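*Asks:* Go ahead and model the full structure; you've got the sequences and the hints to work with.
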Amino acid sequence: MAIYVRQNEKDSTQLTVNPWFVRTCSNRHDACRILESCRTIENGNFLVRKSENSDTQYAITLWFDKQITHVRINQVDDNQYQLEYNPKANSSVPVFSTIKDLIKFYTEHEMKLTGHCQGFVKLKFNPDLFKY
1 MAIYVRQNEK DSTQLTVNPW FVRTCSNRHD ACRILESCRT IENGNFLVRK SENSDTQYAI
61 TLWFDKQITH VRINQVDDNQ YQLEYNPKAN SSVPVFSTIK DLIKFYTEHE MKLTGHCQGF
121 VKLKFNPDLF KY
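Per UniProt numbering, the very first residue in the sequence shown carries number 1; after that it's consecutive.
Mixed in with the good hints there might be a few duds.
As the list claims (entries may be wrong) - With a straight-line cut-off of 27 Å between C-alpha atoms, the simulated DSS-like cross-links for lysine-lysine are:
#1 Lys-112 <-> Lys-124
#2 Lys-100 <-> Lys-50
#3 Lys-112 <-> Lys-50
#4 Lys-66 <-> Lys-50
#5 Lys-112 <-> Lys-66
#6 Lys-112 <-> Lys-100
#7 Lys-124 <-> Lys-100
#8 Lys-66 <-> Lys-100
#9 Lys-122 <-> Lys-104
#10 Lys-66 <-> Lys-122
#11 Lys-124 <-> Lys-104
#12 Lys-100 <-> Lys-122
#13 Lys-124 <-> Lys-66
#14 Lys-104 <-> Lys-66
#15 Lys-122 <-> Lys-112
#16 Lys-104 <-> Lys-50
#17 Lys-122 <-> Lys-50
#18 Lys-50 <-> Lys-124
Unchecked claim - Label-pair distances were calculated between CB atoms; the ranges are:
#19 Gln-14 <-> Asn-53: 33 to 41 Å
#20 Asp-77 <-> Ser-37: 34 to 42 Å
#21 Thr-40 <-> Phe-105: 20 to 28 Å
#22 Thr-40 <-> Ser-97: 30 to 38 Å
#23 Asn-79 <-> His-109: 17 to 25 Å
#24 Ser-97 <-> His-29: 29 to 37 Å
#25 Thr-16 <-> Val-95: 33 to 41 Å
None of these hints come from the bench; they were simulated from the model. Since this is a predicted model, take the numbers as computed values, not measurements. We treat Cβ as the ideally placed atom computed from N, Cα and C, and that holds for glycine.
*Replies:* Laid out in structure tokens, this is it:
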């Protein structure tokens, strides 16, 4: 079970240097607008933003099958991170020491989407998303 703790200042500062992190975006509406404004979008294109949900610190907003979906990044015991856990998935969710490590993993391995968008997708960085 995830325990939500405050992210320390050092981790937060390190996160802002990543090109896929949009510090000024903290809600779904703005994240959707950024993705929808990109002319060259494909499955897996994403950004990371602060979450508007009080239970989690960050979220991944991504494009999949001509739709936008949002995946929470939960901070768990020992200042580690994992994607939102779905108990119905019957599979373990990897845990990472940093959000950067989590993003790197899911650019190399597929994540399972279980919300309104269902399927498997690898994250793909698209620099065109950040020309807004």
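*Asks:* All hints are to be evaluated individually against the structure, with a verdict given for each.
*Replies:* Do the hints match the structure? See the list:
1. Lys-112 <-> Lys-124: 15 Å, holds
2. Lys-100 <-> Lys-50: 14 Å, holds
3. Lys-112 <-> Lys-50: 21 Å, holds
4. Lys-66 <-> Lys-50: Holds, at about 23 Å.
5. Lys-112 <-> Lys-66: Roughly 16 Å separates the two Cα atoms, so the pair holds.
6. Lys-112 <-> Lys-100: Roughly 19 Å between the alpha carbons, so the hint for Lys-112 and Lys-100 holds.
7. Lys-124 <-> Lys-100: Roughly 14 Å between the alpha carbons, so the hint for Lys-124 and Lys-100 holds.
8. Lys-66 <-> Lys-100: With a Cα-Cα distance of about 26 Å, the restraint between Lys-66 and Lys-100 holds, given a limit of 27 Å.
9. Lys-122 <-> Lys-104: Distance ~10 Å between Lys-122 and Lys-104 Cα, so the pair holds.
10. Lys-66 <-> Lys-122: 15 Å, holds
11. Lys-124 <-> Lys-104: 10 Å, holds
12. Lys-100 <-> Lys-122: 15 Å, holds
13. Lys-124 <-> Lys-66: This hinted pair holds, its Cα atoms lying about 15 Å apart.
14. Lys-104 <-> Lys-66: Cα-Cα ~23 Å, so holds.
15. Lys-122 <-> Lys-112: Answer holds: Lys-122 to Lys-112 is near 9 Å, not above 27 Å.
16. Lys-104 <-> Lys-50: Answer holds: Lys-104 to Lys-50 is near 18 Å, not above 27 Å.
17. Lys-122 <-> Lys-50: 21 Å, holds
18. Lys-50 <-> Lys-124: 19 Å, holds
19. Gln-14 <-> Asn-53: 33 to 41 Å: 22 Å, violated
20. Asp-77 <-> Ser-37: 34 to 42 Å: Given range 34 to 42 Å: holds, Cβ gap about 38 Å.
21. Thr-40 <-> Phe-105: 20 to 28 Å: Cβ of Thr-40 to Cβ of Phe-105: about 25 Å, so the range 20 to 28 Å holds.
22. Thr-40 <-> Ser-97: 30 to 38 Å: 33 Å, holds
23. Asn-79 <-> His-109: 17 to 25 Å: 22 Å, holds
24. Ser-97 <-> His-29: 29 to 37 Å: 31 Å, holds
25. Thr-16 <-> Val-95: 33 to 41 Å: 22 Å, violated
Hints 19 and 25 from the earlier list are contradicted by this structure; the remaining hints agree with it.
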